[in-house]
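Engineer: One-letter residues, chain by chain:
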Amino acid sequence: MARKMAKTTKRRQARKPAAKTPRKAPARKMAPSKSKAADKKPAKAAAPEKASTIAAEGTVSIRMYRGLLGDFFLVKHKAGDGIFTMLIDCGVLQCIGSAQSKPSTSRGKDRIKAGVADLMHCSTGRIDLVVATHEHYDHLSGFILANDAFKSLKIGKVWMAWTEDRADTLANGYRSKKNKALTALAALSQSSSLASSDAMQTVSNLLQFYGGPGAIQNGAMGVAGKAAGAELPGNASCEAVLDWLRNKAGAANVSFLKPGQALHWGINGAFRAYVLGPPRDDAKLRQLDPSQGEQREVYLARGEDVETASGLAAIHGDRAGDERLEDQPFARLYWRSYKGLHGGNIELKGAKPADHPIVKLYETTKPSSARIDGEWLDSIEGLALKIDGDVNNTSLALALEVTETRVLLFPADAQVGNWLSWKDQTYPVDDTKDGPRVTIDTLLARTIFYKVGHHASHNATLRERGLELMTDPDLCAMIPVVEKTAQEQKTKNVPKGWAMPYSELYKRLKERTSGRILRGDGDADEEARLFQKSVFNLEHGPLVSAKDPLWVELTLEL
Amino acid sequence: MSTSAKAPSIMDSAYPAPAVRRLRVYAFDPQSANTLGSVGYAYATISLPWEEPWEDKLQVGPVNDYFEVVDIDPASGQFYDPIDLNDPHLLAQDGLTPSEGSPQFHQQMVFAVAMKVIGLFERALGRKVTWRPHWQKGKRGWTYVAVKKLRIYPHALREANAYYSRDKRALLFGYFRSANASAGASWIFTALSHDIIAHETAHAVLDGLHRRYAEATSIDSLAFHEAFADIVALFSHFTLKEAVYSHIQELGGSLDRATLLSGLASQFAAGTTGRASLRQYVGSEPDPDLLARTTECHDRGAILVAAVFDAYLTIYKRRTDDLLRIGGITRGGGKRLDGDLTERLTREATKTADHVLRMCIRALDYMPPVDVRFSEFLRGIITADNDLVPNDALNYRTAFAEAFRRRGILASDCLSMSPENLLWESVEQLLGGRDLSVSDIDDNHRLDLVPHYRREDIIEASEKNRQKIWPWLIKRNEKDPAEDHAWGDALGIYFVQPKHPLRSISAARIGGFLKVEIHSVRTTRRSGPDGQDVRQLVIEITQRRQGYFDPEQQKMIDVGKKSPGKADFVFRGGATLIIDLRGKYRLRYVIRKRINDDERLQEQREFLTGSNGFGFTYTGDQVVREPFAMTHRGL
Chain A
1 MARKMAKTTK RRQARKPAAK TPRKAPARKM APSKSKAADK KPAKAAAPEK ASTIAAEGTV
61 SIRMYRGLLG DFFLVKHKAG DGIFTMLIDC GVLQCIGSAQ SKPSTSRGKD RIKAGVADLM
121 HCSTGRIDLV VATHEHYDHL SGFILANDAF KSLKIGKVWM AWTEDRADTL ANGYRSKKNK
181 ALTALAALSQ SSSLASSDAM QTVSNLLQFY GGPGAIQNGA MGVAGKAAGA ELPGNASCEA
241 VLDWLRNKAG AANVSFLKPG QALHWGINGA FRAYVLGPPR DDAKLRQLDP SQGEQREVYL
301 ARGEDVETAS GLAAIHGDRA GDERLEDQPF ARLYWRSYKG LHGGNIELKG AKPADHPIVK
361 LYETTKPSSA RIDGEWLDSI EGLALKIDGD VNNTSLALAL EVTETRVLLF PADAQVGNWL
421 SWKDQTYPVD DTKDGPRVTI DTLLARTIFY KVGHHASHNA TLRERGLELM TDPDLCAMIP
481 VVEKTAQEQK TKNVPKGWAM PYSELYKRLK ERTSGRILRG DGDADEEARL FQKSVFNLEH
541 GPLVSAKDPL WVELTLEL
Chain B
1 MSTSAKAPSI MDSAYPAPAV RRLRVYAFDP QSANTLGSVG YAYATISLPW EEPWEDKLQV
61 GPVNDYFEVV DIDPASGQFY DPIDLNDPHL LAQDGLTPSE GSPQFHQQMV FAVAMKVIGL
121 FERALGRKVT WRPHWQKGKR GWTYVAVKKL RIYPHALREA NAYYSRDKRA LLFGYFRSAN
181 ASAGASWIFT ALSHDIIAHE TAHAVLDGLH RRYAEATSID SLAFHEAFAD IVALFSHFTL
241 KEAVYSHIQE LGGSLDRATL LSGLASQFAA GTTGRASLRQ YVGSEPDPDL LARTTECHDR
301 GAILVAAVFD AYLTIYKRRT DDLLRIGGIT RGGGKRLDGD LTERLTREAT KTADHVLRMC
361 IRALDYMPPV DVRFSEFLRG IITADNDLVP NDALNYRTAF AEAFRRRGIL ASDCLSMSPE
421 NLLWESVEQL LGGRDLSVSD IDDNHRLDLV PHYRREDIIE ASEKNRQKIW PWLIKRNEKD
481 PAEDHAWGDA LGIYFVQPKH PLRSISAARI GGFLKVEIHS VRTTRRSGPD GQDVRQLVIE
541 ITQRRQGYFD PEQQKMIDVG KKSPGKADFV FRGGATLIID LRGKYRLRYV IRKRINDDER
601 LQEQREFLTG SNGFGFTYTG DQVVREPFAM THRGL
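The listed protein sequences derive, respectively, from chains A and B.
Heads up, the first sequence is in this note's numbering, so the first residue is 1 and it goes up one at a time.
Heads up, the second sequence is in this note's numbering, so the first residue is 1 and it goes up one at a time.
The shape of chain B in the complex, shown without the other chains:
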């Protein structure tokens, strides 16, 4: 296992590269491997696609195109030798055997699970995952600079905690000594919990995609981040065939019982609170009023996850009712199922989980750029799915809509909670028949729409496109000023001060214009189940406005009676544009959050000043340093 020994380089091999690299991991965490009931499916083997020729080679660490695993442990004053996954001894046996005592296995496991999550996202999104860029001043002004690799520190902290650090662009995992006997180990490593790794990686991916979602703008915003990270971790369980098989067999084809599968981070929970899981997504009856009563972000997020999980169970049931009838079995009747039937049911369960997770991930492109709400996630899911799979033969979308409704997640601005009405409005609907042309987007500055494979090229192309679209958007239409106005109105922002001005939006240096940011530009290419091919350009445009805790002060500044001083908070508006790239470019959707929405501004104000159950006392300036921590430190 020497790391310095020169292994024959894989590159030089005379044989074709293998399709996948197989790595063993704990399916859940070490606790399940030490429990008789679950030992049969406590281990899993993750198959990662072998590096493509244009990707960075996998190196000692592991370090690859996406991640750098750096195993230093300052708390214990240690550095641990990095694992070399290309060592022939490891290649011949799917990596190291799972073991709590070997730091090298920890490195292997965080790497493998994090890469598995990347795979889930890339398949659904139809493009490569990129990390949150740095905003830096370069030679030609401020620009986004790509962060190519995310750091992973498997032993960064000595505490019951783990987080994705936005500033460090790193995943930090902690370990701790448990005071509870039920955890079955004296040391508990969050880097060995499949769920915690998946959860934190999902935070990082989501933050790379929607940087503004990490801002606490409403009780939904941070909750959505937590919920989404849990959805990824949870449905990742259902890709573990052995575990699903065993549960289905024992529970007579039913999955709606609280089990290891439907809970998260068992060992972590046992080691801290002494409970069976950190969060359990089965067994709580839907209560439409619960959402309104819940304000803590993990708890609120749990309601969203539960809604998605309900939809999953409904779809799974519908897909398997016939199989159980053929087998003459009552679902959950307590009878141990026979092998063939279990095999078929397992296939349905894992396939459904895959579908549901993909629907959730695809929705990310169909959401507003700022201040996301749960109902917008639902509309994103429905619309994205409708675009890719127009014929919803198995009623997936109805299952989602109903599950959300039963958990009290309602889209108040829609006519009803039926899937047709939950679709985002088309541009025609939104603008009352007027069409906005995007056909000239490409005229002056050719956009780079060629599919790239190398992640650096993708990031670079997207940054260049971003800079090209800005002049297109900001350019005044001298002949038809009404069109400029229509664009501003459609995007929910202002290019120039309106008749009733909002002086809290700052002016750009160029005469007369207000500051507008092209937040991101990305291209996607997805394939539906029947060979549908969807190619889209997604553009996010945002604007910021100075927010003040005192509504009177806000009013005075808005009308220009007072000069805008230091803002108490930032209020953002903007829109996501989805452009169909097939044939003539066509604007499909504008998903917007208006900058002049004073009701939303007031909501954010109330949320931040904490009259909303956020604070019991007179506190106002507590800064949460790491918003994505599993547990928040201090008081």
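Here chain A stands alone, though its shape is the one from the complex:
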């Protein structure tokens, strides 16, 4: 089923380049490019659409804007006078809390504005292709925070995952469930009496990825979000950013990608891009058995959990008091309003518990940790984590081919389910029907550049089916991370903040890349030294402050 859909879309895609005329490219007749495919498979030379003579030439570079706990990448293809620019995400983690308590986090906002200014300058205000990988603030917030600078931006095309397609019932079902859950979580996180609990701190922490409770609630009520022409309001949600991009590019230039598809990018569409994920397989999505190991559901929070959270939000949320009969399990006859430790917002009608021995027994429980006042909040925390993982799993994961044996891997924040699904399909190396295809193992073996998933957290780089398959000795990696910022995200449950990069993974990455890792907070001199022996040329951007360049860039001569 997935295979079939992928094919139909591919055909539609293949026609598109002919219809659009990208800016700088000299007028050309664009046969769906075949460059490598043709080289690779001379036997296929007789295929109806023969390769043009446009071979991939020039340079390809990858620029990471530094100082951000967030993804902001510019990929360029230069050949002769031509240039093709691809922006992959533009975001930074939101700073919730004071600048005093989170100095590193609070600097992110200025850094991304500086980055956007630089981007607009060197791209002369036009980006050929914007890739919006998934709906998280640390990937999209640049469009909100630097909206002024982006006002004059011209966008050629936009790529998004199929999960953002409003015309797709599967995607809509998934999204409405997610939004319902987020709305409930936001409401609960606004309750002052719950806020102090460990579980709710984690929830609030995770809601930063959606711009915080305010943006979510405004989004739910339709207050914000509607991208008003060229502007995005400051309280916009990530969903609004996607709308804004859609409007900017024009609906016809937006593609929703499905796994197994191959598209063209670069000058004259010189290169292929393979869509690895997010997975789309009805059977797998409906496979709800959580005990199936690898088969584990990929991104569906359980329906009953979302229902439950909505009910709880009505009872405890910031607008509690709209007492609804259906939110209580028992009939009014049995109600005895009881405020435990976390009961501040609850004002239900019904008799108060008398000075009952059982209530006394409960209130004198020893040790007091055996009480259960906040125990139910763990399920809310679990739902928040699940939703967060779900959204990460909707990451548009791309393998960008630059020569027939070299691949740049951009998995966004894909987690286990997404990575595991990459082997469920093969990838067409040319545009002929039933042409040759490669497997994910081949693509990973050819990977010379890896954008480390999810800021190198513990659960977004697969080991056996991922990093261990990236065997090319030229492998390099970029980690869009600022460790200090990650450490500032402390809660009671996570006293040391987030482990980004996660030490065990970082260690293995160093081994696999012979130390050729660039970080958002890396030491520029050290990086220059380590990249002396690399297929890429390393360059740092202008200094923002001492030893702290605005960006770092790797360039590959083709």
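In case anyone wonders, no lab produced these hints; they're calculated from the structure.
Keep in mind that a hint or two might mislead.
If you want the footprint, here are the derived chain A segments under chain B, 3+ residues with CB under 8 Å [as the list claims (entries may be wrong)]: (1) 189-195; (2) 303-311; (3) 329-338; (4) 535-544.
Calculated cross-link-like contacts (lysine-lysine; reagent style DSS-like; alpha-carbon spacing at most 30 Å) [said to hold, decoys possible]: (5) A:K180 to A:K154; (6) A:K510 to B:K475; (7) A:K507 to B:K149; (8) A:K339 to B:K128; (9) B:K555 to B:K468; (10) A:K496 to B:K57; (11) A:K492 to B:K128; (12) A:K339 to A:K366; (13) A:K533 to A:K496; (14) B:K128 to B:K351; (15) A:K366 to B:K351; (16) A:K547 to A:K113; (17) A:K507 to A:K484; (18) B:K566 to A:K484; (19) B:K562 to A:K510; (20) B:K148 to A:K366.
Computed from a prediction, not measured in an experiment: that's the story for all the values here.
Cβ coordinates follow ideal geometry from the N, Cα and C atoms, glycine included.
Since the structure of chain A is already known, use the hints to place chain B on it.
Structural biologist: For chain B alone, kept in the frame of chain A given last:
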């Protein structure tokens, strides 16, 4: 139904106390009561023994000697009035009528089913059930402090979940609104599922008995906990006469078809995954290789339960073949059976279930104190049964051994899978003829071996015995140092550093000794079917060793080239001693796990570092907060 009204106190009654208190419950869950096919046996009445004079009286809540049902519901901001089971209106009609809409009935049902499970355990173990104690610092140093009553919160969570919380010493039940129509209700309460209550209560009882089994030391350890809890819930179904009768009648005397009886938690499953049961124990052909491929703890546990269930079906068949022949019936021939025959078959089925469950529970005293494996459970079953019922006329033990073998649960350290070879080695076998004397165990410090009735007294006596046995065990035999060595060797631990030292075992403060814990001491008294009387003292001794993920680091620390820093994990060894108290005290069995077993250490290391399919990624520090949850939260 007022709770404050002063009912005439039962204590003051001029009449003798009744033998039992009868309470109505859902036999399975509300779903089966709303289904025409099963409505005939959807309700059951549980008979609980009336409180003994030395026990706490049953109070409003219910609160009794074992449990405190506290019905507060923080998620919904509610407290529900507690039920008074001594109210004359309830006494006159076996408690409240089953109803999903009455929180008081929920309290009655969790209480009744949990008490029923207690009854099953106490009968088989020959002693009272106690809960996992607190480890607290008192005036005289660290000591175990008894937890007398386990909390039950019937409405603790608003989610599709329920668990026994070790830290809280409580059973927490959740409820949720289902998105699936097939569950037949918009609200589903885990506190109304017989299976979930029985399962979680069994977790609590097992944890009270074997505290170290909750540690994730191998893929078998948590799986065993799950499996055992399921075994209790499953065989508890077969004590429901009406349900068994109806199934036997419909299925022509056969029980090996997937039914309500052989599955668990139907309504919970319908409300979450949309399936007919959470776990189904009939219908999967034994596959000896499946165990090796299965790593998820509930799934792995399911294989063990299936093995026990296979043994049950074999025994049931053997016990009823003659009856079917007399009746001229082909088993499972599709013919509806006549009433008399069904009645007889039902009696056999329920009796067999009772036997099988008792065999499983009795095995708990015959297992190592730490790091349990499925095969050790099998050996425990066989040995415990052999001690109590030496003459296995109906070949129960063979049925168990064969069923386990067919599910791939093998005892690799036994000569063969025949019941004789599965018995734990006697002390003579284990030590090559040398006997270890326990006759002096009682000499210096008289042990308290008097049978107690009050649970507080039992707990207190056991804690005192624990403190008395320690000096006996640790005392050096100046005349015969070889005996000290023999003891250490027999127990699989070290009292002093051996010639090739293991510095990862920490030293006690007393000069030269290594830390050893007397983990528990308990006495049992059981009666066999032919009047056999078995009185035993069970002593568990454990030792801990610092474990490190890096084998090189481990080696360096073991030989003393590096000082032991913070351990990555705890590796435990130790032994269960079973002492026969009849006549002269005699050591019968030593069931040990050696502390110097580096192979086992490596297995635990691999299990914890997750190269074993445990983790797909680079994760290492995820803590499962409630290991006994029906469903694990988050990712």
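Engineer: Does the structure break any of the earlier hints, and which numbers would those be?
Structural biologist: 1, 4, 5, 6, 7, 8, 9, 10, 11, 13, 15
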